[in-house]
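Participant: Protein chains in written order, with my numbering: chain A, 1 to 344; chain B, 1 to 344; chain C, 1 to 320; chain D, 1 to 320.
Hints are computed from structural coordinates only; laboratory data are not their basis. Be aware that one or more of the hints could be misleading.
[To be verified] SDA-like mimics (lysine to any residue), calculated; alpha carbons at most 20 Å apart, straight line:
no., chain 1, residue 1, chain 2, residue 2
1, C, Lys134, C, Leu222
2, A, Lys61, C, Glu294
3, B, Lys129, C, Ser253
4, C, Lys134, B, Phe67
5, B, Lys61, D, Gly248
6, C, Lys306, B, Gly126
7, C, Lys31, C, Glu294
Listed below, chain by chain, are the residues.
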Amino acid sequence: MSIATSSQMVEMTFLKALNDAISFSMRNDSRVIVLGEDIAGGAGQGAPLEGSMGGTFGVTKGLLEEFGNARVRDTPISEAGITAATVGAAMGGLRPILDLMWASFAPNCFDQILNQAAKLRFMSGGQAKLPLVIRMAVGGGLRAAAQHSDTLYPLFTHIPGLKVVVPATPEEARGLLIASINDDNPVIFLEHMALYRTTGLVQLEPIAMELGKLGIMRQGSDLTIACVGQAALLGMDAAELLAKEGIDAQVISLRTLQPIDNEGLVACVKETSRLVVVEEGPPRCSISADIAASINESLFGRLLAPIGRVNSAATPVPFSPPLEDAHLPSVARIVEACHRVMTF
Amino acid sequence: MSIATSSQMVEMTFLKALNDAISFSMRNDSRVIVLGEDIAGGAGQGAPLEGSMGGTFGVTKGLLEEFGNARVRDTPISEAGITAATVGAAMGGLRPILDLMWASFAPNCFDQILNQAAKLRFMSGGQAKLPLVIRMAVGGGLRAAAQHSDTLYPLFTHIPGLKVVVPATPEEARGLLIASINDDNPVIFLEHMALYRTTGLVQLEPIAMELGKLGIMRQGSDLTIACVGQAALLGMDAAELLAKEGIDAQVISLRTLQPIDNEGLVACVKETSRLVVVEEGPPRCSISADIAASINESLFGRLLAPIGRVNSAATPVPFSPPLEDAHLPSVARIVEACHRVMTF
Amino acid sequence: MMISLQTLEHSFREMLRIRLFEERVRREFGKGDMPGFVHVYVGAEAIAVGVCSQLEQTDMITSTHRGHGHCLAKGVEIAPMVAELYGREAGLCHGRGGSMHIADFSKGVLGANAIVGGGIGIAVGAALAAQTLKDGRVAVTFFGDGAANQGVLHESMNLASIWKLPVVFVCENNGWAESTPASYSISVSDVAIRAAGYSIPGVVVDATDYSAMHVAAEQAILRARMGNGPSFIEAKFPRQVGHFVGDGEAYRSRDDRKSARQLDVIARTRLELESRGVDVGAIVDELGKLIGGELDSAFAAARDSKWPNIDELESYVYSN
Amino acid sequence: MMISLQTLEHSFREMLRIRLFEERVRREFGKGDMPGFVHVYVGAEAIAVGVCSQLEQTDMITSTHRGHGHCLAKGVEIAPMVAELYGREAGLCHGRGGSMHIADFSKGVLGANAIVGGGIGIAVGAALAAQTLKDGRVAVTFFGDGAANQGVLHESMNLASIWKLPVVFVCENNGWAESTPASYSISVSDVAIRAAGYSIPGVVVDATDYSAMHVAAEQAILRARMGNGPSFIEAKFPRQVGHFVGDGEAYRSRDDRKSARQLDVIARTRLELESRGVDVGAIVDELGKLIGGELDSAFAAARDSKWPNIDELESYVYSN
Ligand SMILES: Cc1ncc(C[n+]2csc(CCOP(=O)(O)OP(=O)(O)O)c2C)c(N)n1
Ligand SMILES: Cc1ncc(C[n+]2csc(CCOP(=O)(O)OP(=O)(O)O)c2C)c(N)n1
Ligand SMILES: [Mg+2]
Ligand SMILES: [Mg+2]
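Given only the sequences and the hints, what does the whole structure look like? Please build it.
Facilitator: Now the structure itself:
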């Protein structure tokens, strides 16, 4: 094995990047703990370790072995109780990471997120410090149907007091998760299901990636495609197709929705004067609406076309594959929106 | 007492208008029931009636006496359980009206709202019929602080499958509540606390007011002020002040946020070419953002100024009066926004 | 507890029907063209049948992510069920729901629910409707040991108790919630103990003993029907299969898995029937053919049948 | 149960201090310049004092909308409390929280909580922190009979039990939740019965009997401190006052209100002290003057003190 320098890059899955971020943080700070349903997985508290699943998606695999069952805790199916406990644990001096499995289960603990985690610091006049991360898997495409496919991006982003993070690549996943764990605020960390098995290059050494700065995934001068999380992969594919037609699209991964990098976004769109926002999730009061509103305000009269918005359909997520495919944003729909924006 | 004709108008409080709508609907249809914490109030099931409070705000006062305790039920403090029961009752053949007291408690039953009420019809391929109304008080100004002052307008509006209603006047309150009760879908009915004691003219006979049509509260040709619920009262006051400066503002009460009267709104703004949206609640992924996005799209290049947005500050609602006043939308901030839009 | 031979035989057929359905689902799922994921009811058959065979069609049930057994026991037809598993227009939910949201309101099945604990309060509401409309219906909610730790169960039991609602709480305790053992996650030896906290009669039943299950259900349903309020049944049995089809259960010891399979209600009921003189082999053959044939055509038809029309994506969001 | 005279006298002083504070709050509220609404702790004093007088400053509590008593018993200073009630910058929360969200982390008060049941799970989490950090702290959560029907209580008790967390659940059962009687809304005679559903020892205590309350708290805190897990105390007493200051309680019979006032822990403890030879009159006079003076200046100072700067509206949303 060769000796690596910190500038070296290695190939890694999104899943492994998340796992790395957590174990790195747990090694560095004994106050970091993880809890959630099945996150140890079968190994429970003291049962044999072999075969423990490490969460429904395997993100926390191996942590139990390294850090033991005081710091890696399977929980009962009690989303409200475990989220409240996460809030209390943070106020009591830990830096907990809660795994909620699917974002569709977050409504079960919405009081704890909206009324407690998000508000306690403010209500206590700055006394409460809430260094906690709530991870959850979002999104459709798995034919998991309406109660396992929500993204809920705007619901979290609407609530002052939360930070909201949406990585698109393994590098973002690892860097942003480390930063989220280091952050003293409640961070909602949303992992799109379709990303877990994707791979990408990451730096050899885990380092934090600043929250609140977008990432430019592809340079381009004709229009900007701003994407929420996994949608960036669709955006990249769309850009490839557009390139073949001679349209040079810039692709942005927003990385964090709160704080949102308005400045960065304005700077990008100033160059291209055309914007398409891509977001999985229904259109009303959405991230795409939010960005359209703010960019229209910042760049009033300077856009060459109305802002394109590609969202999911305004329906719950259907089970049936052709319906789900039609419901979700797709490369084809992004290309179409870009055409509309280019030819306006 | 003179004999009234149906075109006669009577003065009525917002509170009484709501009460009327409910008792009217209960008289007409024995499947309509009401339930919630303290909505009978002390009278419980069988205890003496005198002094029963009829809900924290008195909206359901007198219903117990007329309809009895099988149709007017005090509930335990169990928001999740009673909302789930409301959903089940609707599927079982009733037309329940649930009183959640404050919208800030809705996060306690967000699963039942988002995953159950909103999705069950779709998931069952149209089998489930969910004729239910969930009423709640929203908004600040009472120094009730962060956990009793949320509006949550965009959270509900984001979720496909719900209807969202925001009356601004007694007439709207009565007409829209009757329509909501008549509707076969889950309706979130949001009553701003500051409105309960306001009065206004209503038609003598209770009649439904169509969901999905905005109301023009004041004609005006210079700019449009589109308001969510109680904000319309602020909008009206702002319009009066603007009129003194010679600015002729149109004031709109949106009435319903889902369905939203896009067509009506576009028609109005086409006339004035200038729009300010007023909404109590934080700005991100909000109703104002939603409207700004859609109007910018519909009227791209035809607006004379960027759309003005007046929202609450991006903070939880503070307790301290001067802070709360600064946090909330105000007539002064609306006027300011209108000036910006007029002088752009 | 003894139940009549006729009842036992009838119920055995019903249980076997579910078993045959689920075994076929597992096999067909392996072919890779069934969308999403499925959870089968293998091993729990006595619960659905013990309860639903004593319900009227108009009685209402709410189900879980593991809902096929409840549907079949409540009289839902096989062909539209299978079509739903494949996401087809001919499915019970026109393909919108799939396995985890399968529903048939015409049979009183108010839906499987993919939110753990999601159906519990809905059944309480259905019972409220029945009580208010005075139409004599009862409601039953099925939920797992994992769901027993959801707060909504507590709220729902309290509500059902203070209002004396005609509802039966049936906890299907298979010892596991995904990879988490009930012995770890539940703070008490029997979930049924919790019923006492709500003045609700609670019993623990061995769900591998069909007769015991049947009798417990009978009493609870009768109590509800008579207007005497809710009951709680904890039906215990060891999970014989993976959490979902495809789950290798690496987190579980081989011994535990093996011993679970040895406590099978179908096998046990078969022995009982035989000891009471029934030629079970004949029943198994007959049903195997009958249901086998029905399943053959249901799966073939489902695979052949139309997808939902994507122009109708926005249907069923609202009723008008 | 007998506790030492010294302890009883000390606790009487503490209870009286709360009573004097709350009576003053009621009076001052009537002047109309205290923003929002307040809920006073009158009648419940034995609970906060019985528990908090036996806690360390580093131990953590979570409180309710009726939180003044918990704060005072846990050692929070009067002046910044009063300033908070008036929404001033000098308040404990710099005016951001008010009565319903009053908090003093330096004294282990993790906050009053205006969401009924909101504090319960937070205390469980605080106990998890204590257990994980092995620092010997314990956590206590206070909540009402109304909160006893919130699902999060059930989830929290289960969690605390399976993890053997150092937490004490204290249900302040004053018989009412706003206008709803506990006898109507709670399906069981004693909330403490529910603790058995979580293998948690539960006791019912007469909260008008200070000594009984003290001893129950002692045992529960000790159990937590020793690492033996959670306990549940249901402290019963009749609500003497309206739900909030200004609530005329029209929904409640005059007799019921009157009899509630006759079961007062301060009066009762006074009698007990007197029977044990203490000159309570002297204590009352002394404290009346002492606390009276402190309250005079606290209220005067609060009214005179600065409002928060509106330029700092956006402070404290995030820490950085
Ligand atoms: C609210 C919620 N939390 C978590 C999940 C993920 N999940 C699906 S099934 C399951 C286990 C359920 O166990 P149990 O209730 O015992 O039912 P079983 O699968 O054993 O029949 C979990 C955790 C979910 N679907 N919903
Ligand atoms: C989640 C939630 N639901 C409802 C309310 C409104 N509310 C405030 S206090 C209260 C009654 C609480 O009763 P209890 O827990 O017995 O406390 P008590 O006031 O008697 O001390 C209610 C219903 C609330 N604040 N939060
Ligand atoms: Mg199970
Ligand atoms: Mg009470």
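Participant: Indicate, hint by hint, whether the structure satisfies it.
Facilitator: Checked hints:
1. For the proposed pair C/Lys134 and C/Leu222, the alpha carbon gap of about 16 Å is at most 20 Å, so the pair holds.
2. Restraint check: the Cα-Cα separation between A/Lys61 and C/Glu294 comes to about 43 Å, which exceeds 20 Å; the hinted pair is violated.
3. Of the supplied pair hints, the one linking B/Lys129 and C/Ser253 is violated, its CA atoms being roughly 45 Å apart against a limit of 20 Å.
4. The straight-line distance between the Cα atoms of C/Lys134 and B/Phe67 is roughly 16 Å, inside the 20 Å bound, and the hint therefore holds.
5. A C-alpha spacing of about 16 Å is found between B/Lys61 and D/Gly248, which places the hinted pair at or below 20 Å, so the restraint holds.
6. A hinted pair counts as satisfied when its Cα atoms are at most 20 Å apart, and C/Lys306 with B/Gly126 qualifies at roughly 18 Å.
7. Restraint check: the Cα-Cα separation between C/Lys31 and C/Glu294 comes to about 19 Å, which is no more than 20 Å; the hinted pair holds.
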